[in-house]
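Engineer: Residues per chain, in single letters:
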Amino acid sequence: MLLTVKDLFVNYGNVEALHGINLEVDEGEIVAILGANGAGKSTTLMTISGLVSPKKGKIFYKDIEISKLQGHEVVKYGIAQVPEGRRVFATLTVQENLNLGAFIIRDKDKIQKTLEWIFELFPRMKERREQLAGTLSGGEQQMLAIARGLMANPRILLLDEPSLGLAPILVKSIFETIRQINESGVTVLLVEQNARAALKLADRGYVMEVGKIVLEDRSEKLLKNPEVSKAYLGG
Amino acid sequence: MEFFFEQLINGLAVGGIYALIALGYTMVYGVMRLINFAHGDLFTIGSYLGMTILATYAVTAYLGPFVGVLVLIVMVMALVGIIGVILERVAYRPVRQADRLSAVVSALGASIFFSNLVMLIWGPRFRVYPEDILPRITLNILGLDVPLLRILVLVTSLILMGILYFFVQKTRTGTAIRAVAIDHGAARLMGINVNRIISMVFLIGPALGGAAGVMVGLYYGQVNFTMGWSYGLKAFIAAVLGGIGNIPGAMLGGLLLGVIEAMGAAFISTAWKDGIAFIILILILIFRPTGLLGERVADKV
Ligand SMILES: Nc1ncnc2c1ncn2[C@@H]1O[C@H](COP(=O)(O)OP(=O)(O)O)[C@@H](O)[C@H]1O
Ligand SMILES: [Mg+2]
Chain Z
-5 MLLTVKDLFV
5 NYGNVEALHG
15 INLEVDEGEI
25 VAILGANGAG
35 KSTTLMTISG
45 LVSPKKGKIF
55 YKDIEISKLQ
65 GHEVVKYGIA
75 QVPEGRRVFA
85 TLTVQENLNL
95 GAFIIRDKDK
105 IQKTLEWIFE
115 LFPRMKERRE
125 QLAGTLSGGE
135 QQMLAIARGL
145 MANPRILLLD
155 EPSLGLAPIL
165 VKSIFETIRQ
175 INESGVTVLL
185 VEQNARAALK
195 LADRGYVMEV
205 GKIVLEDRSE
215 KLLKNPEVSK
225 AYLGG
Chain W
9 MEFFFEQLIN
19 GLAVGGIYAL
29 IALGYTMVYG
39 VMRLINFAHG
49 DLFTIGSYLG
59 MTILATYAVT
69 AYLGPFVGVL
79 VLIVMVMALV
89 GIIGVILERV
99 AYRPVRQADR
109 LSAVVSALGA
119 SIFFSNLVML
129 IWGPRFRVYP
139 EDILPRITLN
149 ILGLDVPLLR
159 ILVLVTSLIL
169 MGILYFFVQK
179 TRTGTAIRAV
189 AIDHGAARLM
199 GINVNRIISM
209 VFLIGPALGG
219 AAGVMVGLYY
229 GQVNFTMGWS
239 YGLKAFIAAV
249 LGGIGNIPGA
259 MLGGLLLGVI
269 EAMGAAFIST
279 AWKDGIAFII
289 LILILIFRPT
299 GLLGERVADK
309 V
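Which chain is which? The protein sequence lines are Z and W, in order. 42 is the number that the numbering used here gives to position 48 of the first sequence; each next residue is one higher, with no gaps. 209 is the number that the numbering used here gives to position 201 of the second sequence; each next residue is one higher, with no gaps.
Think of the hints as simulated: they come from the structure by calculation, not from any bench. Quick caveat: nothing in here was measured; it's all calculated off a predicted structure. Incorrect hints may appear among the rest.
Claimed, not checked - Lysine-lysine pairs mimicking DSS-like chemistry, simulated, CA-CA at most 27 angstroms apart: (1) K206/Z with K224/Z; (2) K120/Z with K107/Z; (3) K62/Z with K0/Z; (4) K102/Z with K120/Z; (5) K0/Z with K215/Z; (6) K70/Z with K178/W; (7) K49/Z with K206/Z; (8) K281/W with K120/Z; (9) K104/Z with K178/W; (10) K120/Z with K56/Z; (11) K102/Z with K178/W; (12) K178/W with K107/Z; (13) K70/Z with K107/Z; (14) K52/Z with K0/Z; (15) K166/Z with K102/Z.
Claimed, not checked - Not close to chain Z: a few residues of chain W, all C-beta gaps over 10 angstroms, as computed: (16) F11; (17) W130; (18) A195; (19) Y227.
All C-beta atoms in this analysis are idealised placements derived from N, C-alpha and C, irrespective of residue type, glycine included.
Make the full structure from the sequences, and use the hints.
Structural biologist: So, in structure tokens, the structure goes:
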């Protein structure tokens, strides 16, 4: 397994947000986490990335325990996150945002290579490199957020609701991009409320409800599951 | 007309000092959303340290006036920078996750501590800088009479600002400082050690304040333990004028405030000089609370 989350409990103050999460992501997979607002999806990703500390439980990258690391250290293990709401650095240029994505990488040639790949993947970003990130459209900001995450050369990319607030046509193109990224060898853990699209893309899926995983299966099966269908696929 | 330009240079020199101090307020505010009330006192400490080093070690006797003063400034910058880093560790880091009021109380406490410390070490009375460290001559440039000291103060602060601007805009660490000022969480996701960046800001800001302290000491020839109050307040107003949190804004705000004050004193009345800063503060708060360069881009998200 590339990523293993074992019996994870997380508190915000006195309120428990995650009550014992178990999940696994294998090399090369796309794994989706589905669930309603407030289910604890973002908390799970933030805990993997080290920005939230678990109360109990462990997280492993391969067989290295990463759950005791500080937030800025996790990305060095090859785990990058594209956070919910994009969170691009609005008053910095597109190029500066991309440079920050590669903050942990010291090898200039490697950065240049990744950058060329990014510009193939998102030609828009090349045109707009000198533009301030805050002046981009919502879809472009999402592309930038993904591109910035890829600049760290991650083995696994955590994506938190990349389709949030985008027009249907853009959603399609973002999902297509995620497929391309995965095909290039990056493992993907995808959090989505857009369950149908996510399951069509993913190999496997987990369904979360109020801080617990209530269902896990292969995507085809989840798509056919009547309960999933009723709760998340609109009938 | 000559009078006007002489006043302009005068205002720019004082404004450069305001700008150097304002940068400390604005950088700390940028990365922590905290007004470091002790910053004015760090400036005072810089001024006194400069005086003591000059009197004790006579750096200018060995190295000549110009190199000597340069070395003095660098020494004081290093010392005050270290004090700044310690201040953050001791007074601000422990209350960072706590509510806003704790941080404000901690900042006020630090300010009171430092001004009392200065008074204990150096006494409550005015102290004079060693005399004639730099030649007190007046140059004639393009028909304007300008004291050499004034030019040196202006040039030094412009050079320091230039270095800072380059560092913040063009280097990897400088970009990381700007990223932390925008979003701590996103910066950490990039692998940026936010604690290290905050320490660095508490090294740079106080160092610049210390440099300003030495220059004020050399320029006016005397220091006092309350000077951090008036300079700190003016510099804070300059930071708000430029847009608090905005680095070029602090530079612009400082220079502008210096010039407006000098012009006000020259053409309206010297009695109004100190009042002008407050009038500007009130006008800014009413008409443009974000300052001149604040909020360049509306966050679309
Ligand atoms: N920073 C926070 N402080 C306190 N409670 C939080 C915080 N972030 C999330 N929560 C709470 O934790 C629960 C899970 O939230 P979240 O992980 O954001 O869910 P999701 O991403 O699935 O919508 C919610 O009840 C939410 O209100
Ligand atoms: Mg969420």
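Engineer: Compare the distance between the alpha carbons of K102/Z and K120/Z with 27 angstroms, and conclude whether the hinted pair is satisfied.
Structural biologist: Since the Cα atoms of K102/Z and K120/Z sit roughly 18 angstroms apart, the hinted pair holds (cutoff 27 angstroms).
Engineer: Starting from K70/Z, check that the Cα of K107/Z is at most 27 angstroms away, please.
Structural biologist: holds (18 angstroms)
Engineer: Would the pair K52/Z and K0/Z pass a check requiring their Cα atoms to be no farther apart than 27 angstroms?
Structural biologist: holds (5 angstroms)
Engineer: Run the distance test for K102/Z versus K178/W: straight-line Cα separation, threshold 27 angstroms.
Structural biologist: Distance ~16 angstroms between K102/Z and K178/W Cα, so the pair holds.
Engineer: Taking only the CA atoms, is the gap from K49/Z to K206/Z under or equal to 27 angstroms?
Structural biologist: This hinted pair holds, its Cα atoms lying about 15 angstroms apart.
Engineer: Holds or violated: are the alpha carbons of K120/Z and K56/Z at most 27 angstroms from each other?
Structural biologist: violated (34 angstroms)
Engineer: Holds or violated: K0/Z and K215/Z, Cα atoms, limit 27 angstroms.
Structural biologist: It holds: about 24 angstroms lies between the C-alpha atoms, which stays within 27 angstroms.
Engineer: Beyond 10 angstroms from every chain Z Cβ: check whether that's true for A195/W.
Structural biologist: violated (8 angstroms)
Engineer: When you check the alpha-carbon spacing of K178/W and K107/Z, does it fall within 27 angstroms?
Structural biologist: Distance ~21 angstroms between K178/W and K107/Z Cα, so the pair holds.
Engineer: Please check whether the beta-carbon of F11/W is more than 10 angstroms away from every beta-carbon in chain Z.
Structural biologist: At roughly 41 angstroms from the nearest Cβ of chain Z, F11/W sits farther out than 10 angstroms, so the non-interface label holds.
Engineer: Are the Cα positions of K62/Z and K0/Z separated by 27 angstroms at most?
Structural biologist: holds (13 angstroms)
Engineer: Please verify whether K104/Z and K178/W have alpha carbons no more than 27 angstroms apart.
Structural biologist: Answer holds: K104/Z to K178/W is near 20 angstroms, not above 27 angstroms.
Hints 8, 10, 15 and 18, counting from the list given before, are not met by this structure.
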